[in-house]
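There are 2 protein chains.
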Amino acid sequence: MARDLRPFFEPRSVAVIGASEKPGTVGRAIMTNLLERYRGKVYPVNIKYDKVFGLKCYRSILEIPDEIDLAVIAVPADVVPKVAEECGRKGVKALLVISAGFKEIGGVGVERERKLLEVVRRYGMSMIGPNCLGIYDPYSGLDTIFNPSDRQGKPGPGSVAFISQSGALGAALLDWFTEQGIGLSKFVSYGNAADVDESDLIEYLVEDERTKVISAYIEGVKDGRKFMRAVAKAVASGKPVVVLKAGRTERGVKAAASHTGSLAGSYSVFRGALAQSGAVVVNDLLELLIAVRALETGWKVPGPRVAIVTNGGGAGVLATDAIETLGLKMAELSNDTIEELRKALPPAASPYNPVDVLGDAPADRYEKAIEIVSRDPNVDMIMVIALMQAPAIDPSALLNVLKRAKESTLKPIVFVAPGGGYAYKHLLEVQRLGIPSFRDPIEAAKALSYLYTFSNAIDRVKKYLQILT
Amino acid sequence: MARDLRPFFEPRSVAVIGASEKPGTVGRAIMTNLLERYRGKVYPVNIKYDKVFGLKCYRSILEIPDEIDLAVIAVPADVVPKVAEECGRKGVKALLVISAGFKEIGGVGVERERKLLEVVRRYGMSMIGPNCLGIYDPYSGLDTIFNPSDRQGKPGPGSVAFISQSGALGAALLDWFTEQGIGLSKFVSYGNAADVDESDLIEYLVEDERTKVISAYIEGVKDGRKFMRAVAKAVASGKPVVVLKAGRTERGVKAAASHTGSLAGSYSVFRGALAQSGAVVVNDLLELLIAVRALETGWKVPGPRVAIVTNGGGAGVLATDAIETLGLKMAELSNDTIEELRKALPPAASPYNPVDVLGDAPADRYEKAIEIVSRDPNVDMIMVIALMQAPAIDPSALLNVLKRAKESTLKPIVFVAPGGGYAYKHLLEVQRLGIPSFRDPIEAAKALSYLYTFSNAIDRVKKYLQILT
Numbered sequence: 001m002a003r004d005l006r007p008f009f010e011p012r013s014v015a016v017i018g019a020s021e022k023p024g025t026v027g028r029a030i031m032t033n034l035l036e037r038y039r040g041k042v043y044p045v046n047i048k049y050d051k052v053f054g055l056k057c058y059r060s061i062l063e064i065p066d067e068i069d070l071a072v073i074a075v076p077a078d079v080v081p082k083v084a085e086e087c088g089r090k091g092v093k094a095l096l097v098i099s100a101g102f103k104e105i106g107g108v109g110v111e112r113e114r115k116l117l118e119v120v121r122r123y124g125m126s127m128i129g130p131n132c133l134g135i136y137d138p139y140s141g142l143d144t145i146f147n148p149s150d151r152q153g154k155p156g157p158g159s160v161a162f163i164s165q166s167g168a169l170g171a172a173l174l175d176w177f178t179e180q181g182i183g184l185s186k187f188v189s190y191g192n193a194a195d196v197d198e199s200d201l202i203e204y205l206v207e208d209e210r211t212k213v214i215s216a217y218i219e220g221v222k223d224g225r226k227f228m229r230a231v232a233k234a235v236a237s238g239k240p241v242v243v244l245k246a247g248r249t250e251r252g253v254k255a256a257a258s259h260t261g262s263l264a265g266s267y268s269v270f271r272g273a274l275a276q277s278g279a280v281v282v283n284d285l286l287e288l289l290i291a292v293r294a295l296e297t298g299w300k301v302p303g304p305r306v307a308i309v310t311n312g313g314g315a316g317v318l319a320t321d322a323i324e325t326l327g328l329k330m331a332e333l334s335n336d337t338i339e340e341l342r343k344a345l346p347p348a349a350s351p352y353n354p355v356d357v358l359g360d361a362p363a364d365r366y367e368k369a370i371e372i373v374s375r376d377p378n379v380d381m382i383m384v385i386a387l388m389q390a391p392a393i394d395p396s397a398l399l400n401v402l403k404r405a406k407e408s409t410l411k412p413i414v415f416v417a418p419g420g421g422y423a424y425k426h427l428l429e430v431q432r433l434g435i436p437s438f439r440d441p442i443e444a445a446k447a448l449s450y451l452y453t454f455s456n457a458i459d460r461v462k463k464y465l466q467i468l469t
Numbered sequence: 001m002a003r004d005l006r007p008f009f010e011p012r013s014v015a016v017i018g019a020s021e022k023p024g025t026v027g028r029a030i031m032t033n034l035l036e037r038y039r040g041k042v043y044p045v046n047i048k049y050d051k052v053f054g055l056k057c058y059r060s061i062l063e064i065p066d067e068i069d070l071a072v073i074a075v076p077a078d079v080v081p082k083v084a085e086e087c088g089r090k091g092v093k094a095l096l097v098i099s100a101g102f103k104e105i106g107g108v109g110v111e112r113e114r115k116l117l118e119v120v121r122r123y124g125m126s127m128i129g130p131n132c133l134g135i136y137d138p139y140s141g142l143d144t145i146f147n148p149s150d151r152q153g154k155p156g157p158g159s160v161a162f163i164s165q166s167g168a169l170g171a172a173l174l175d176w177f178t179e180q181g182i183g184l185s186k187f188v189s190y191g192n193a194a195d196v197d198e199s200d201l202i203e204y205l206v207e208d209e210r211t212k213v214i215s216a217y218i219e220g221v222k223d224g225r226k227f228m229r230a231v232a233k234a235v236a237s238g239k240p241v242v243v244l245k246a247g248r249t250e251r252g253v254k255a256a257a258s259h260t261g262s263l264a265g266s267y268s269v270f271r272g273a274l275a276q277s278g279a280v281v282v283n284d285l286l287e288l289l290i291a292v293r294a295l296e297t298g299w300k301v302p303g304p305r306v307a308i309v310t311n312g313g314g315a316g317v318l319a320t321d322a323i324e325t326l327g328l329k330m331a332e333l334s335n336d337t338i339e340e341l342r343k344a345l346p347p348a349a350s351p352y353n354p355v356d357v358l359g360d361a362p363a364d365r366y367e368k369a370i371e372i373v374s375r376d377p378n379v380d381m382i383m384v385i386a387l388m389q390a391p392a393i394d395p396s397a398l399l400n401v402l403k404r405a406k407e408s409t410l411k412p413i414v415f416v417a418p419g420g421g422y423a424y425k426h427l428l429e430v431q432r433l434g435i436p437s438f439r440d441p442i443e444a445a446k447a448l449s450y451l452y453t454f455s456n457a458i459d460r461v462k463k464y465l466q467i468l469t
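Just so you know, the sequences run in chain order A and B. What the first sequence shows, in this note's numbering, is residues 1 to 469, in sequence order. What the second sequence shows, in this note's numbering, is residues 1 to 469, in sequence order.
There may be inaccurate statements among the hints.
[Said to hold, decoys possible] For lysine-lysine, the following DSS-like pairs were computed, each having C-alpha atoms within a straight-line distance of at most 30 Å:
#, chain 1, residue 1, chain 2, residue 2
1, B, K254, A, K300
2, B, K254, A, K343
3, B, K41, B, K93
4, B, K425, A, K22
5, A, K368, A, K406
6, A, K329, B, K222
7, B, K300, B, K226
8, A, K368, B, K254
9, B, K154, A, K425
10, A, K425, B, K425
11, B, K254, A, K406
12, B, K254, A, K329
13, B, K368, A, K254
14, A, K343, A, K403
15, A, K222, B, K329
16, A, K154, B, K425
17, A, K254, B, K300
18, A, K254, B, K343
19, A, K425, B, K22
20, B, K22, B, K41
21, A, K222, A, K154
22, A, K254, B, K329
23, B, K254, A, K254
Source of the hints: derived by calculation from the structure; they are not laboratory data. These figures come from a predicted structure and were not determined experimentally.
Can you build the whole structure from these sequences, using the hints too?
And the structure:
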């Protein structure tokens, strides 16, 4: 059973301890966020003020004449344990501690965190943090991310959950998700993970109906076995887990130790365990974005065999290299398919895989080729490449072809359009059809490889879980 | 001695054989290009017309009452040998054959190409093509790329030469260069390379004063030894050569054979030879762009040791992993440097590499840190990372810091700003300072690794060339 973390994401009432109107303060930013979009009750708490944004401000949480589900704490570190004690006495269920100055600073901070945790445990509360950006839930509007709104994009509601050990990097990725149109179920910057850790979060997200894909930036995990089991549970339940682990080299581990105090062991061991648990392991931010965009589609694929349809031979060769390098396979088209393609395409076209519809291909030639390869039982996934600089392509006709292709086949389709602004503009239109679209064949091949990695893991991980439990 | 290819790039007079005003024709697109920007004399040739765009149109090149340096041929393939014969009789030096329908179609095309080449040789002409997009030279304005101008970006004058065996992919990359602000010296799509081949082009570019970086998309080379020697000559003369070779896997080789008829041998052997010749070998389009942008700076580095200055610990860890994975080294900062950093930075900052100036770092804290690490003799290159979502950063102040840093140190500096639109906008401002700037630390690390690969090769390749010759 996962821990019940609902009070963090959908509290009926929130106390903001450290609430303020003072410009530049975290307390002001959080109040502004909550008053703007969160529909539950908000209670500012600050010993210094009588009112904050027109709301009565309380000197202590104990004075609030209502039950409080969640307390967001943004006060100086040395006051946090006392404030937490008051939350406990008030019967608060969940603490979200934004304040820094705990284990991550060493010395006195370590002792402070121990004390805080002791309070949390004594009252049976749950805590996320300390030393974090907190939570953004686009469904409930709960939002403690205090970066200025003109620099910090926040995605709209969707199906991707993202948890991050690093607040700053998490915020940057969240901003990037927004630009890429990735829909979010929940974001959690969990900081020091003194109580609720990455595994608890993943377990909760497995049960969260809105979350279909789980993604994580991690420097070190608190409990390796627990983490691997959480990942395996997610995968077995049909939810992919994308993991970007920092600290993969000896020097990276050293840097992570000085950043979050994470003591990472050998990455190759960790990576092996992750793969066994069915995680989609990525190596950089760009790959995390590609994986999320691919898996957000919900597509599952029975095998690794890719067919390419392209109007440029060179791009087809590059895509072939990418597919084979990433452990996928170029589909061996059936004789029937090759014969059909031969009839449907001009003599100079290539009916073999990669299918080259030639530089003068109009959209309807693409349509025929895509239709024919998508019927071939030897094809699991399709990559369509268009060099949009060519005069022959009518972008809106191609868009319609891809729209119909997506509707008429269950096989995953990805799209590639290399080049500058014109190509990119039309690529984004294809992207909006729900077809993951990229500028370089290598990115599209990665997208397909993540789909395959996940799909291929589900049954294996189900069995592995039976052994584990 | 390199072949004299100047008549291709800076002809005093050009005959366009197949010139036309008919919309959608290659002959029209080339005429339009030349009349718009090329300052030499242009003579349209077409048996069907008396005038083309107001110019007298000749029935044959033989009728033109002027010497012709370059003939651009865009007529049906079966007429090309006859037209080439006339060019020979006219005393034309250079033929640029755009027309397709030669070796690449097999059968009759092979024989046609053999016949064409025989004519070229008999008259002592040089030929680029057939089956190509031709040339774009932003200095002379010579431009035979016939894609519509609204879909095909063409870079302004600069120092990067780009040659491409594939016309369509070459055009897409050229378009992409434009978007990225990469300045071009020359672009050549050389197609079937029946006469002038990739090695001839590289040898010419080594002697071309405007070219400082040579980049190439290649499926197969005509003569491996000649190619490796051309690359080595370039590197020994201080010009990096970036090579993207398609057909790196067994299936990729097969696809390349069906595209351009290139018979590539084992890629690992080819790659080894390339490395020995000092080439910067890249694996995909994105890497080619990164390499070109890095090497366009002209920076040379004495060693592989990188210092990182970041306002986000997580990004610093990811960058560390990237650097170490790519064969670079994290610089071991000297004790003096560490001491200076400790004094200059707040207590919670990390004075070790990666240097963490903390999330609340204003621009002047970055300035101190960059200044201190750039003085350290253990540091060869610097990566500055800014998570721009943080409220503390004033982007214009940071821009000034980076401007001054670039002016005051000879060490290469690259910049990273992960995230969405706000971060990207400011990243592009830094990019315009001449500091290669990226969204993901992995890209910045690749940029530095290409700088190092090239710098490290120069002396070695000079010696290797002495042995070769």
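Evaluation of the provided hints:
no. : hint            : in the structure
1   : B/K254 / A/K300 : holds (29 Å)
2   : B/K254 / A/K343 : holds (22 Å)
3   : B/K41 / B/K93   : holds (15 Å)
4   : B/K425 / A/K22  : holds (29 Å)
5   : A/K368 / A/K406 : holds (14 Å)
6   : A/K329 / B/K222 : holds (29 Å)
7   : B/K300 / B/K226 : holds (26 Å)
8   : A/K368 / B/K254 : holds (24 Å)
9   : B/K154 / A/K425 : holds (17 Å)
10  : A/K425 / B/K425 : holds (18 Å)
11  : B/K254 / A/K406 : holds (29 Å)
12  : B/K254 / A/K329 : holds (14 Å)
13  : B/K368 / A/K254 : holds (24 Å)
14  : A/K343 / A/K403 : holds (24 Å)
15  : A/K222 / B/K329 : holds (29 Å)
16  : A/K154 / B/K425 : holds (17 Å)
17  : A/K254 / B/K300 : holds (29 Å)
18  : A/K254 / B/K343 : holds (22 Å)
19  : A/K425 / B/K22  : holds (29 Å)
20  : B/K22 / B/K41   : holds (21 Å)
21  : A/K222 / A/K154 : holds (28 Å)
22  : A/K254 / B/K329 : holds (14 Å)
23  : B/K254 / A/K254 : violated (45 Å)
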